[in-house]
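Those protein sequences? They're chains A and B, same order as listed. Residue 0 is where the first sequence starts when you use numbering that gives the first Met the number 0, and the numbers rise one by one after that. Residue 0 is where the second sequence starts when you use numbering that gives the first Met the number 0, and the numbers rise one by one after that.
Keep in mind that the hints were calculated from the coordinates and are not lab data. Where hints are given, some of them may not hold.
As a list, the in silico SDA-like pairs of lysine to any residue whose alpha-carbon atoms are at most 25 Å apart [unchecked claim]:
1. B/Lys287 to A/Glu219
2. B/Lys58 to A/Ile231
3. B/Lys164 to B/Lys287
4. B/Lys132 to A/Ala206
5. B/Lys352 to A/Arg17
6. B/Lys287 to A/Arg17
Simulated DEER-style distance windows between Cβ atoms [unchecked claim]:
7. A/Thr215 to B/Leu167: 55 to 61 Å
8. B/Gly82 to A/Pro228: 31 to 37 Å
9. B/Arg277 to A/Ala56: 30 to 36 Å
Negatives, chain B to chain A, calculated, CB over 10 Å [claimed, not checked]:
10. Val17
11. Ser27
12. His378
Because the structure is a prediction, the values reported are computed rather than measured. For each residue, glycine too, the CB sits at the ideal point set by N, CA and C.
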Amino acid sequence: MSGFDELTHVRAKEIIDRYPVARSALLPLLHLVQAEEGYVSQAGIGFCADQLGLTTAEVSAVATFYTMYKRTPCGEHLVSVCTNTLCAALGGDDIYARLSAKLGSPDRPLGHEETAGEPGTPGSLTLEHAECLAACDLAPVIQVNYEYFDNQTVQSAEELVDALRRGEKPNPTRGAPLTDLRTVELELAGFTHDETVAAAAVAGPSAAPETLRGNTLAAERGWAAPAMPDEIPALPEKAR
Amino acid sequence: MSELASEWSAQPDTITPVLTKRWAEENSWTLETYERTGGYRALRTALAGHPDQLIQLCKDSGLRGRGGAGFPTGMKWSFIPQGSEGPGAKPKYLVVNADEGEPGTCKDIPTMMADPHSLIEGCIITSYAIRAKFCAIYVRGEALHPIRRVRAAVAEAYAKGYLGKDILGTGFDLDIVVHAGAGAYICGEETALLDSLEGRRGQPRLKPPFPATAGLYASPTVVNNVETIASVPYIVAGGVDWFRAMGSDKSPGPKIYSVSGHVERPGQYEAPMGTTLRTLLELAGGMKDGIPLKFWTPGGSSTPMFTAEHLDVPLDFEGAAAAGSMLGTTAVQVFNETVSVPWAVMKWTEFYKHESCGKCTPCREGTYWLVQILERMVHRQGTAQDIETLLDVCDNILGRSFCALGDGATSPITSGIKYFRQEFLDLIAVQPAVPRPEQLADVEAGRVGTRPIGAIA
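Full structure from sequences and hints, please.
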């Protein structure tokens, strides 16, 4: 038996009960153990295997396939810089290079998935370059614990990590007030520490001006989709 | 503006907010806002009808999948075997592909954040149509805020009796699970997504059998994209003629065009299918700082790039294909003259190499070597044969991979070389002779096998 507490066992059972077939619970279970330990440890893999009646080899095969499962302890925060083509062309590569240099030692920049500071301690952060984060109209983008910081520059990104290193939690452009990576991993598994905080998180901003541009322009110019009929039309007959 | 049904034959407006219309509402994501603005009306009509009528409605509407491939949605639903015996007797499943990650694509994430209930209403109607009692919404793990919003909306829908047992007293039961992925682009491929949802590595399956007969848990399964499913309540509420008043006969309806890159006002523009880049650029305020257009993707990096010659290509399924590309996800990434095509192609290829799942050899090995070649070219260490080697490797990946990831990986390269060959030539033209390792002489002398020359250096 692994060292996970009673609550984690209860949550694991709850995850398994969501699905028609138990093994579907494996991805959320891995998020759950990552929430507990800050990364997917060998103990975490053993816990998942026990819950689902799998071998640790089967669970390891899954855990190592997905980039969000980290195999070494992470910082309080995970900073993901999009360096896919479009973000890179608009400054993402420069941002990543600057943050690597800034967070590294004088003779060596911080590498992908390496951590500045002691993992788990306040102000520590793990840096990674990410593939397309699906916010291309707001490029270049950074995520901190998967919350969006849009339209970044080298300068704004430096200010962001400076604040994180000081223990501050700047608000994202879109998303909930920052917590930490472990809290977010618990959320991905489907749980929350605090219902009030969770409710506030849902209300975090989502619509950037870019998101609403088409809408806004249509309103300005009096454009709309064709009007729907007042009454919902009758459904067609079956198989004509 | 089109105010009356009789005006449906007229040209629709340039922007036609349907899926995006509610986004501007205050607290747009709540059940209260959704119902106040007409939400869950279509559900009542749908549940009063026979499931087959909904499948017929979807077929008649001409709705085609918004995830990239454009498969007719109603036809996909009709492939689900029904009946009390044989495959029809198995449980059926609806799986929503919300694993948005194709470079350039950013439409489903704002949809789920701003209007999750339209997705949920679409899930309920679709599940009723295909007789599914369990629906999974597989959301990309990095899409945290959309996951929050969709989960909150699912909870609201349960509380209001739109989900769970005996929905609205009709006897129809449905459960929805919002499943967070864990970071793998390949899981946007429908069979890889199903494996992932079953708790495995996200690797594509050999088809056939198709998900319609052997999908989730080897049972009949419909896999549809977020934008596709979110369109369903509007089609029920507006009817076939209303939906077909936008777009073309074969590609009807509105479409969210996501315009990004070197334009003055990037953003989401929902317009009738068939809108051109010329129009989208006008809407987006033109090229940023007036620097001319060089290349663009019509629907993500997996769709072959276009150039300034293609400003008037109608961006619908037929139009994009006729011009030598694909509509994809209508992720319109715009690049100006300052961007090097070989560099952009290298970056995209690095992405495909990273995301290749490793299951099949052409994609796993091919993307690996493509990156090696492109990186050395961009670092001015290329060789004269590199362009031909790239095309040769692409030829060995395209159509020979398990899934569309491999095909997609070749698109930037072959289209980049097609339109901008000189840029690739320029990169290698000024190179000194590259020192050749002795293995190369072995290859040329026929002493060893036939690995591509580029692979040795």
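Practice prompt. Check the following: the C-beta atoms of glycine 82 of chain B and proline 228 of chain A are separated by a distance inside 31 to 37 Å.
Written response: Cβ of glycine 82 of chain B to Cβ of proline 228 of chain A: about 35 Å, so the range 31 to 37 Å holds.
Discussion item. What's the verdict on lysine 352 of chain B and arginine 17 of chain A, does the C-alpha distance respect the 25 Å limit or exceed it?
Written reply: violated (34 Å)
Worksheet item: Just checking, valine 17 of chain B versus chain A, shortest CB gap more than 10 Å?
Response: Violated, since 5 Å does not exceed 10 Å.
Worksheet item: Does the claim that histidine 378 of chain B lies off the interface hold, with its Cβ farther than 10 Å from every Cβ of chain A?
Response: Check passes; 14 Å lies beyond 10 Å.
Worksheet entry | Restraint status (C-alpha distance of lysine 287 of chain B to arginine 17 of chain A at most 25 Å) | Between lysine 287 of chain B and arginine 17 of chain A the Cα gap is close to 48 Å, so the pair fails against 25 Å, i.e. violated.
Discussion item. With the threshold set at 25 Å, check whether the alpha-carbon distance from lysine 58 of chain B to isoleucine 231 of chain A stays at or below it.
Written reply: holds (18 Å)
Practice prompt. Would you check the hint for lysine 164 of chain B and lysine 287 of chain B, treating anything up to 25 Å between C-alpha atoms as holding?
Written response: Not satisfied, since the Cα-Cα distance of roughly 53 Å exceeds 25 Å.
Worksheet item: Taking only the CA atoms, is the gap from lysine 287 of chain B to glutamate 219 of chain A under or equal to 25 Å?
Response: holds (22 Å)
Fill in: Cβ separation of arginine 277 of chain B and alanine 56 of chain A, checked against the hinted range 30 to 36 Å
violated (56 Å)
Worksheet item: Any Cβ of chain A at or closer than 10 Å to serine 27 of chain B, or is the non-interface label fine?
Response: violated (8 Å)
Worksheet item: For the pair supplied as a hint, lysine 132 of chain B and alanine 206 of chain A, is the alpha-carbon distance within the 25 Å limit?
Response: violated (33 Å)
Practice prompt. With respect to the beta-carbon atoms only, verify the hint that threonine 215 of chain A and leucine 167 of chain B lie 55 to 61 Å apart.
Written response: violated (36 Å)
Checked against the numbered hints above, the structure violates hints 3, 4, 5, 6, 7, 9, 10 and 11; every other hint is satisfied.
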